[in-house]
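Those sequence lines, one after another, are chains A and B.
In terms of the numbering used here, the first sequence opens at residue 1 and continues consecutively.
In terms of the numbering used here, the second sequence opens at residue 1 and continues consecutively.
For the record, the hints were derived by calculation from the structure and aren't laboratory data.
Hints are supplied without guarantee of correctness; some may be wrong.
[To be verified] Just a sample of chain A residues kept apart from chain B, beta carbon distances all over 10 Å, derived:
| hint | residue |
| --- | --- |
| 1 | 13 |
| 2 | 26 |
| 3 | 42 |
| 4 | 44 |
| 5 | 50 |
| 6 | 68 |
| 7 | 83 |
| 8 | 87 |
| 9 | 115 |
[What the hints assert, rightly or not] Example chain A residues on the side facing chain B (calculated, C-beta under 10 Å, incomplete):
| hint | residue |
| --- | --- |
| 10 | 64 |
| 11 | 91 |
| 12 | 92 |
| 13 | 93 |
| 14 | 95 |
[Stated by the list, open to error] The calculated SDA-like cross-link candidates involving lysine to any residue, where the alpha carbons are at most 25 Å apart (straight line), are:
| hint | chain 1 | residue 1 | chain 2 | residue 2 |
| --- | --- | --- | --- | --- |
| 15 | B | 57 | A | 3 |
| 16 | B | 71 | B | 112 |
| 17 | B | 57 | B | 38 |
| 18 | A | 78 | A | 89 |
| 19 | B | 9 | A | 41 |
| 20 | A | 55 | B | 95 |
| 21 | B | 57 | A | 41 |
| 22 | B | 71 | B | 38 |
| 23 | B | 9 | A | 78 |
| 24 | B | 57 | B | 7 |
| 25 | B | 57 | A | 97 |
| 26 | B | 71 | B | 8 |
| 27 | A | 73 | B | 40 |
| 28 | B | 14 | B | 71 |
| 29 | A | 73 | B | 59 |
| 30 | B | 9 | B | 79 |
| 31 | B | 57 | A | 109 |
| 32 | B | 9 | A | 47 |
| 33 | A | 78 | B | 80 |
| 34 | B | 9 | A | 55 |
| 35 | B | 71 | A | 112 |
| 36 | B | 9 | A | 3 |
Beta carbons: idealized from backbone N, C-alpha and C, even for Gly.
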Amino acid sequence: AQTVTQSQPEMSVQEAETVTLSCTYDTSESDYYLFWYKQPPSRQMILVIRQEAYKQQNATENRFSVNFQKAAKSFSLKISDSQLGDAAMYFCAYRSAMIQGAQKLVFGQGTRLTINP
Amino acid sequence: NAGVTQTPKFQVLKTGQSMTLQCAQDMNHNSMYWYRQDPGMGLRLIYYSASEGTTDKGEVPNGYNVSRLNKREFSLRLESAAPSQTSVYFCASSPGPVSYEQYFGPGTRLTVT
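I would like the entire structure built from these sequences, with the hints used as guidance.
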């Protein structure tokens, strides 16, 4: 079974600085997808960024980028120019590319990010 | 376009009571999902419905039943609530079972005393 581990329960960063959230995962599959979700105090789950395992290029969405290291099974999220609105719980998630397992998102425990003004 | 809606937003039950959590989506999605989120943990899949007329167990199905009423609606029923079912419940939908993104509802906070 796949597992996702986020080893940083809490992180804080000064506004406008850069912060990196860590995520490692364990799988025997070669084809899969990885995601970062943001959960603000409203509880709404918002997709931040996704990475397809077959792509070597790291995904980027505006101020958010990932460092995907397939061999090391590592998938970190970098937030540049941090803004107060980035304060939230961040979850790393894994999904199989196989149809049989494609329905299941496996989540990490989450990292609470605080932005200091 | 409301996306995924859930009712109720909050609920308190006594041990042994039953209730149904309702979920509806207006995006014409084929697949729908129910997750629970406990403190200090990520979301865990309870049940899913890959398409109208089908339902399957996820990671933590014990104590729950589901009904895919039609393409729009997917309900989660607790027949005899237990304190261990105190959690925040999320419904989600996606265009298909292999679609990239799942779209989440706002969640229901359930407390069982």
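Hint by hint, here is what the structure shows:
Even its closest Cβ contact with chain B, about 22 Å, leaves residue 13 of chain A beyond 10 Å, as expected for a residue assigned away from the interface. The claim that residue 26 of chain A lies off the interface holds: its Cβ sits roughly 15 Å from the closest Cβ of chain B, which is beyond the 10 Å cut-off. Annotated as non-interface, residue 42 of chain A brings its C-beta within 10 Å of a C-beta of chain B; the closest such distance is 7 Å. With a least CB separation of 6 Å from chain B, residue 44 of chain A falls inside the 10 Å interface cut-off, contrary to its annotation.
Consistency note on residue 50 of chain A: stated as away from chain B, yet its beta-carbon is not over 10 Å from all of that chain's, at 6 Å minimum. Remark: the non-interface label on residue 68 of chain A is consistent with the geometry, its nearest Cβ contact in chain B lying 16 Å away (cut-off 10 Å). The non-interface label for residue 83 of chain A is consistent with chain B: the shortest C-beta to C-beta separation is roughly 22 Å, beyond 10 Å. For residue 87 of chain A, the shortest C-beta to C-beta distance to chain B comes to about 18 Å, beyond the 10 Å cut-off, and the non-interface label holds.
Remark: the non-interface label on residue 115 of chain A is consistent with the geometry, its nearest Cβ contact in chain B lying 21 Å away (cut-off 10 Å). The closest approach between the C-beta of residue 64 of chain A and any C-beta of chain B is roughly 15 Å, which is over the 10 Å cut-off, so the hint fails. Among the interface hints, the one on residue 91 of chain A holds; its C-beta lies about 5 Å from the nearest C-beta in chain B, closer than the 10 Å criterion. For the restraint placing residue 92 of chain A at the interface with chain B, the shortest Cβ-Cβ distance is roughly 8 Å, inside the 10 Å limit, so the hint holds.
Because the closest C-beta pair between residue 93 of chain A and chain B is about 7 Å apart, less than 10 Å, the hint holds. Restraint check, residue 95 of chain A versus chain B: the minimum CB separation of about 8 Å is within 10 Å; hint holds. A threshold of 25 Å between alpha carbons decides the hint, and for residue 57 of chain B with residue 3 of chain A the separation of about 18 Å falls inside it, so the pair holds. Distance restraint check for residue 71 of chain B and residue 112 of chain B: the Cα-Cα separation of roughly 30 Å exceeds the 25 Å cut-off, and the hinted pair is therefore not satisfied.
Among the hinted pairs, residue 57 of chain B with residue 38 of chain B is consistent with the structure: their alpha-carbon atoms are about 19 Å apart, no more than 25 Å. About 14 Å separates the Cα atoms of residue 78 of chain A and residue 89 of chain A, which keeps this hinted pair within 25 Å; it holds. A threshold of 25 Å between alpha carbons decides the hint, and for residue 9 of chain B with residue 41 of chain A the separation of about 14 Å falls inside it, so the pair holds. Our distance criterion of 25 Å between C-alpha atoms is met by residue 55 of chain A and residue 95 of chain B, whose separation comes to about 23 Å.
The straight-line distance between the Cα atoms of residue 57 of chain B and residue 41 of chain A is roughly 29 Å, outside the 25 Å bound, and the hint therefore fails. Between residue 71 of chain B and residue 38 of chain B the alpha-carbon distance is near 28 Å, which puts this suggested pair outside the 25 Å criterion. Under the criterion of a C-alpha separation no larger than 25 Å, the hint pairing residue 9 of chain B with residue 78 of chain A is inconsistent with the structure, at around 33 Å. This hinted pair checks out: residue 57 of chain B and residue 7 of chain B have alpha carbons roughly 22 Å apart, not beyond 25 Å.
Of the pairs offered as hints, the one joining residue 57 of chain B and residue 97 of chain A holds, with about 19 Å between alpha carbons and a cut-off of 25 Å not exceeded. For a cut-off of 25 Å, the pair hint linking residue 71 of chain B to residue 8 of chain B stands: about 20 Å separates their Cα positions. This hinted pair checks out: residue 73 of chain A and residue 40 of chain B have alpha carbons roughly 22 Å apart, not beyond 25 Å. In summary, the hint linking residue 14 of chain B to residue 71 of chain B is not supported, as the alpha carbons are separated by about 32 Å, beyond the 25 Å threshold.
The hinted pair formed by residue 73 of chain A and residue 59 of chain B meets the criterion: a straight-line CA distance of about 22 Å does not exceed 25 Å. Our distance criterion of 25 Å between C-alpha atoms is met by residue 9 of chain B and residue 79 of chain B, whose separation comes to about 19 Å. Taking the CA atoms of residue 57 of chain B and residue 109 of chain A, the gap is about 22 Å. The hint holds against a cut of 25 Å. The hinted pair formed by residue 9 of chain B and residue 47 of chain A meets the criterion: a straight-line CA distance of about 21 Å does not exceed 25 Å.
Proposed proximity of residue 78 of chain A and residue 80 of chain B is contradicted: the alpha carbons are some 44 Å apart, above 25 Å. A C-alpha spacing of about 39 Å is found between residue 9 of chain B and residue 55 of chain A, which places the hinted pair above 25 Å, so the restraint is violated. Between residue 71 of chain B and residue 112 of chain A the alpha-carbon distance is near 35 Å, which puts this suggested pair outside the 25 Å criterion. Restraint check for residue 9 of chain B and residue 3 of chain A: the C-alpha separation of about 30 Å exceeds 25 Å, so the hint is violated.
Violation of the numbered hints given earlier is confined to hints 3, 4, 5, 10, 16, 21, 22, 23, 28, 33, 34, 35 and 36; the remaining hints are satisfied by the structure.
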